[in-house]
Amino acid sequence: MDLRFTDEELAFRREVRAFLRESLPPEIHRKLAEGCRLGKADLVRWTCILHARGWAVPHWPVEWGGVDWDPVRQMIFRDEVQQFPAPETLSFGTSMVGPVIYTFGSDAQKRRFLPRIATLEDWWCQGFSEPGAGSDLAALKTRATRDGAQWVINGQKAWTTLAQHADWIFVLARTDGSARKQQGISFILIDMTSPGISVRPVQTIDGGFEVNEVFFDDVRVPLENLVGAENRGWDYAKFLLTNERSGQARIGLSKARLRRIRALASTPRNGAPVLIEDPVFRRKLAELEVEVRALELTQFRVIADERHKEQGRPNPASSILKIKGSELQQATTELLMDVLGPAGLVRHAESGPAAFDWARGGTSTYFNLRKLSIYGGSNEIQRTIIARAILGL
Amino acid sequence: MDLRFTDEELAFRREVRAFLRESLPPEIHRKLAEGCRLGKADLVRWTCILHARGWAVPHWPVEWGGVDWDPVRQMIFRDEVQQFPAPETLSFGTSMVGPVIYTFGSDAQKRRFLPRIATLEDWWCQGFSEPGAGSDLAALKTRATRDGAQWVINGQKAWTTLAQHADWIFVLARTDGSARKQQGISFILIDMTSPGISVRPVQTIDGGFEVNEVFFDDVRVPLENLVGAENRGWDYAKFLLTNERSGQARIGLSKARLRRIRALASTPRNGAPVLIEDPVFRRKLAELEVEVRALELTQFRVIADERHKEQGRPNPASSILKIKGSELQQATTELLMDVLGPAGLVRHAESGPAAFDWARGGTSTYFNLRKLSIYGGSNEIQRTIIARAILGL
Amino acid sequence: MNFDLSEDQRLLKDSVGRWLARSYAFEHRARILASPEGWSRATWAQMAELGLLGLPFAEADGGFAGGPVETMIVMEAFGHALVVEPYLPTVVLAGAVLRHGASAEQRRRLVPLITDGSLVLALAHGEPQARWHTADIATRAVEAAGGWRLSGAKSLVLHGESADRLIVSARTGGAPRDPNGIGLFLVDRKAPGVVVHGYPTQDGQRAAEIGFQDVRVPAEDVLGDVANGLPVVEHAIDEAIAAIAAEAVGAMEAALGMTVNYLKTRTQFGVPIGSFQALQHRAADMFIALEQARSMAFLAVMSAADDDGARRRRAMSAAKIQTAKSARFIGQEAIQLHGGIGMTMEYKVGHLFKRLTMIERQFGDLDHHFGCLAAAGSLLDDA
Amino acid sequence: MNFDLSEDQRLLKDSVGRWLARSYAFEHRARILASPEGWSRATWAQMAELGLLGLPFAEADGGFAGGPVETMIVMEAFGHALVVEPYLPTVVLAGAVLRHGASAEQRRRLVPLITDGSLVLALAHGEPQARWHTADIATRAVEAAGGWRLSGAKSLVLHGESADRLIVSARTGGAPRDPNGIGLFLVDRKAPGVVVHGYPTQDGQRAAEIGFQDVRVPAEDVLGDVANGLPVVEHAIDEAIAAIAAEAVGAMEAALGMTVNYLKTRTQFGVPIGSFQALQHRAADMFIALEQARSMAFLAVMSAADDDGARRRRAMSAAKIQTAKSARFIGQEAIQLHGGIGMTMEYKVGHLFKRLTMIERQFGDLDHHFGCLAAAGSLLDDA
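Each protein sequence line maps, in turn, to chains W, B, L and R.
Note that the numbering used here gives residue 279 to position 279 of the first sequence, counting from 1, and the numbers run on in steps of one.
Converting from the second sequence to the numbering used here requires adding 393 to each position, the first position being numbered 1.
Converting from the third sequence to the numbering used here requires adding 786 to each position, the first position being numbered 1.
Converting from the fourth sequence to the numbering used here requires adding 1169 to each position, the first position being numbered 1.
Just so you know, the hints here were simulated from the structure itself, not pulled from any lab data.
Ideal Cβ placement from N, Cα and C applies to all residues, glycine included.
There's no promise every hint is true.
[To be verified] Dumping the calculated BS3-like pairs for lysine-lysine here, alpha-carbon to alpha-carbon at most 25 Å:
| no. | chain 1 | residue 1 | chain 2 | residue 2 |
| --- | --- | --- | --- | --- |
| 1 | W | K238 | W | K110 |
| 2 | R | K1494 | L | K1111 |
| 3 | R | K1494 | B | K677 |
| 4 | B | K574 | B | K503 |
| 5 | W | K238 | W | K141 |
| 6 | L | K1050 | W | K141 |
[Stated by the list, open to error] Quick list of simulated restraints, FRET-style, between CB atoms:
| no. | chain 1 | residue 1 | chain 2 | residue 2 | range |
| --- | --- | --- | --- | --- | --- |
| 7 | L | A1162 | B | R781 | 37 to 43 Å |
| 8 | B | E514 | R | A1360 | 57 to 63 Å |
| 9 | L | E835 | W | C36 | 40 to 46 Å |
| 10 | B | Q543 | R | F1195 | 52 to 58 Å |
| 11 | L | K1050 | W | Q182 | 55 to 61 Å |
| 12 | B | G525 | W | R200 | 55 to 61 Å |
| 13 | B | A434 | L | G803 | 58 to 64 Å |
| 14 | B | A656 | R | A1360 | 39 to 45 Å |
| 15 | B | D463 | W | P131 | 51 to 57 Å |
| 16 | W | E277 | B | G525 | 56 to 62 Å |
| 17 | B | A426 | L | G803 | 48 to 54 Å |
Turn these sequences into a full structure, and let the hints guide you.
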């Protein structure tokens, strides 16, 4: 039993950090540090830089561009990227559909899609949720019916993040209406330029455009765009959602935010007393630091545990990472708002005064991150998973 | 709309306070102030003093010893008693079975029982809960079967508070086994000296003996000890439980505890720095003071509302008083433990060192008051009442 | 002790509620928000017609002699409907300064203009360095021939860009955080030397940074004692705290109502999600938080006219604390229980959440008011 | 980074677990608690046989060369079974003082007696005025012919009445809260001038107030540098914090296990109460709190041997904070979800709750450790 990093692991951490320091364009760094939204061009640019270094999809199999890092190095890499902060790659491609394709897809699908995911030549989005199928995902109604060499897709997806930029969408669609709810669902890859697809962006309360409604009206898709076996899509979705859960802790982001909070609270501004001198504030900061540290160690344990588990079997403890990770991201954003004081009342999107630029991104991030406890399997669903799958209730 | 007390109400408050100051035996006052348990003799003695003043059962109808106070004066009286702190009368008699008897009982029952409740000549206890019937009270199994001019009672009651001192017990017993769960239950008064009753005291985690198991083995009770109509006991129980809920806020006790906390935290001891100088502690104290003040006003509102309601109809808002009242009593006791510091670790019951006498009662009250969110309809049950009866879910 | 509204107050409540239901639907409000000024002069004229703009002023000054309860009734309804008009700065804040600080002559000159809707005012008090501390005033007023000259900067002035005139606090003496030595001055927003930079706040309302460069104020526009204006401002802020506590109650009630309705109608797993016990209990906790906030809003309203300034401020801090806690809890839970739909601008509950988030902080956040209260001794003895 | 136990550690875990399951059932423990000393010399002898008493000492001193992980394994099992024997004072606390502060000669003299069970020790450090501050020592040691004389008072000395010998900290110089000028002395509990007043603590364990009136200590019983004993005590307390963090994990695991089992078997309204979603979610939150505490117990264990005292103490404060929060939450929820039965002395979960309540506070409560941590800068850079 040893919780310390080895010298090699520490050296690796330094190597990642040095790479980020040298390679991340400063404009992109600044946007992220201030909690602002990146554009598509920013992410494409950064993905190319990562790809040139060989680090765009390190967690993938080596033959498809992965790096032969053990789980600890994977974690260190993610942690450094989040803490720096540098952009994470587009998860819909690299962490969701990519692993589904290299685990369950055909060779042709692998060859066709994986390289373009790695380089972000293809921007992917996720077509799971529907207006009537949120927490109860298996209630989805979008249908794919076979017509000769094609699927014909009809239905509507909701909360489709960044669909407005997407080249491809992976959808869950019902291919057998007679089967039980979770059965009869298939996992299908659809070109977003297909006729019959329309996208309606939906503005969220932070003022941004992140989610969309996607409508399918007799959209025709080649049969070979089915992933794995027909009617087995629910299994692939569960595999994908469990991967997503572990990734949602994003402890590095919370650490970076706590550092920003400490820095802001220690910076004299307009001659007002610094907040870090207030014992109540220091206590709140310490409280979150302890929780973040504890979750980081819990994440280490889940990762270390992966070695003992069969590959691909979902670890229900990853629900802890989703619940606490999202709660801590939300709590750190609340504390950030406390630091901002009156400046947090100002909206920066448009014509906000420059005097408040230091406070940019605080309040809108608070609004935006309310989504964390809702999406990716709401925290209520995760608690039910713990109660049932772990505690046996 | 006016939240201020009238001059007459303020004068009444002073009158009550003066009476308490003059009449409450100092030994009893000290025990209560330190959160220690009163003996039966203490309570009998104090009830006699109250009775002599005419204030033993002020909320009862005047003909049975009540005082013609409006709801505000009733509340002021209770508040002053709790804040002082002086003992409250034995609720099983004065607030539970007493009101049931004067509302639903026969004239003979009123004449026989009410005067002896008011003076505590009869010590009453409550036989509702059973091992298999806690939150699901209507699942109770104790049976009363008619045999000539008597009921024959068989069964077991649980969590019977202070039954070890009791002269009488009021029980819910099943008189019609074929009826739906809530029907077929009757409300029966039983002399504790009846053959076939046995009482087993159960020690609680604070070290005290407060609750008991009460066993009924062919206990024979005269038919006239039935209250109201046969098989209507559930209605009387609901009436009683709603009364109980409003009484459980006990805001005066929380106020008295907060004052004790402030006093202890402001008292230099062994030359150590006083806790009241710690901003974090002051914040916690202020936080509870605000919550107590808010609940006090909420209680005013519930009481004011009573004038607009038909008499005896349960107000579901009283669930707020139960939930928040119990939570605040528990929270104030936690803060008291924080003030005690290491002294809170010492058990005072037996041979504890005199140096820690100032800390007496703190930790064991914390242990004891965990019961508040469990009994009288657990806080979970109360939340369900709010969700269903008020919000319509 | 009674919580009953008088007959007139019930009429006011009904008429404001009916008017808003008819004329201030969520979609209509969205159009107002998107307009250049971000509020509606047509609505303002209707408020004047309804008598809302003159509500808190004495009849002798041209008002309708309403008190804190009347303001509460109006603000609670505004919270429900998410009204964005400049009522708080003009009628509540500036109105209170005029009532407590202005001369009878000044009131007779200004109140009728407020009452008929032709004068919009703003209180320019907060400064960039002050955070929430009311005495931290660096703007300076220097006596000059026949009047004063102001220089300095004011921050987050509610509706500062739309106001016809500004009530500006400025230091006539004393050190930067000295509560003494602060005067109040009425300044035309278009006066030479006044530079206004307006912008939206996070809830879609409007505020402004305002610079004053040697701005001339004639003697007749000095409001009250030039060295003793702070108590007037503090009293005005206390009344505003009572007002937004009521506004918050309205917004929380609306958020809870929408949430309960959503729980009843949204089905997942074949049943309304309101049948899930965990969600029921959370809705119950929202209800408790609402009622606790309502109780403290009553306390604030009843304390607004308290002349014992220390006791009044303790009550306001306590009310602000409960309001902030309940607002945060109810706002967050309303979003969470709605799920995705609550995150969208197309749906009202997100706007309620944003307004509640701002109310939490307006006139001082939790930390600030806890600091005030902890320094002020026990709250329990005020009861 | 790995969390795997070695083969030997797994064996230790199994053998301690099996022994406690066999020999330390809840009813047996109740009899031990009710005995005059409040602990069991027979159990102590079994611990000696199992090799537990010599666990943390070097082989050269007569021990079994275990480290913090071995202590964690033992303490976690003790937490599960609610062991009340004087292991923490003798083996963990006094053991650490001997390891870090005693001479090789002293260790050779004392460790074999600990290992074979014939010597029970207690650390007499805390004082009535000190609250949780480790440097607040007023007991004085004055040099006297061939040794020292101690006078003062120690408070809440764990198992002070049962200990054969006491390790007493006393001031040889410096002002009352000066971290320098503190020495450590080995004192016979029955030595003239030692007055012991033993009593139970709230969880049924034993402690004592101990007075020292001019107590003579020969030179060979001075442990280490007479002016620099505090770092030794602090290191011992840090190791004890790691030990009770592990004990708490064991107790919390037992409490959660009992609660889940109760939820599965207790029926109300015709179904197991564990089918109610609100209770399921609360059990899930208990599980999360347990795992977060377990993670921080690991941190404490891994930091126990850290020679960087400041970093070690940050880790211990952080672990203590998480332990206290989880212990309070899990303890309270375990009682609440059990209902009445959890409130009784006849049922184990209430005893787990009481022990957890004491662990929360032992060696400093939440407020104390938050104070330490907030003063010590950021925790994030230690990772």
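Hints and how they fare:
| no. | hint | in the structure |
| --- | --- | --- |
| 1 | K238/W to K110/W | holds (20 Å) |
| 2 | K1494/R to K1111/L | holds (21 Å) |
| 3 | K1494/R to K677/B | holds (16 Å) |
| 4 | K574/B to K503/B | violated (29 Å) |
| 5 | K238/W to K141/W | holds (18 Å) |
| 6 | K1050/L to K141/W | holds (22 Å) |
| 7 | A1162/L to R781/B: 37 to 43 Å | holds (41 Å) |
| 8 | E514/B to A1360/R: 57 to 63 Å | holds (59 Å) |
| 9 | E835/L to C36/W: 40 to 46 Å | holds (44 Å) |
| 10 | Q543/B to F1195/R: 52 to 58 Å | violated (43 Å) |
| 11 | K1050/L to Q182/W: 55 to 61 Å | violated (27 Å) |
| 12 | G525/B to R200/W: 55 to 61 Å | holds (56 Å) |
| 13 | A434/B to G803/L: 58 to 64 Å | holds (59 Å) |
| 14 | A656/B to A1360/R: 39 to 45 Å | holds (40 Å) |
| 15 | D463/B to P131/W: 51 to 57 Å | holds (55 Å) |
| 16 | E277/W to G525/B: 56 to 62 Å | holds (58 Å) |
| 17 | A426/B to G803/L: 48 to 54 Å | holds (49 Å) |
In summary, the structure is inconsistent with hints 4, 10, 11 from the numbered list given earlier, while agreeing with the others.
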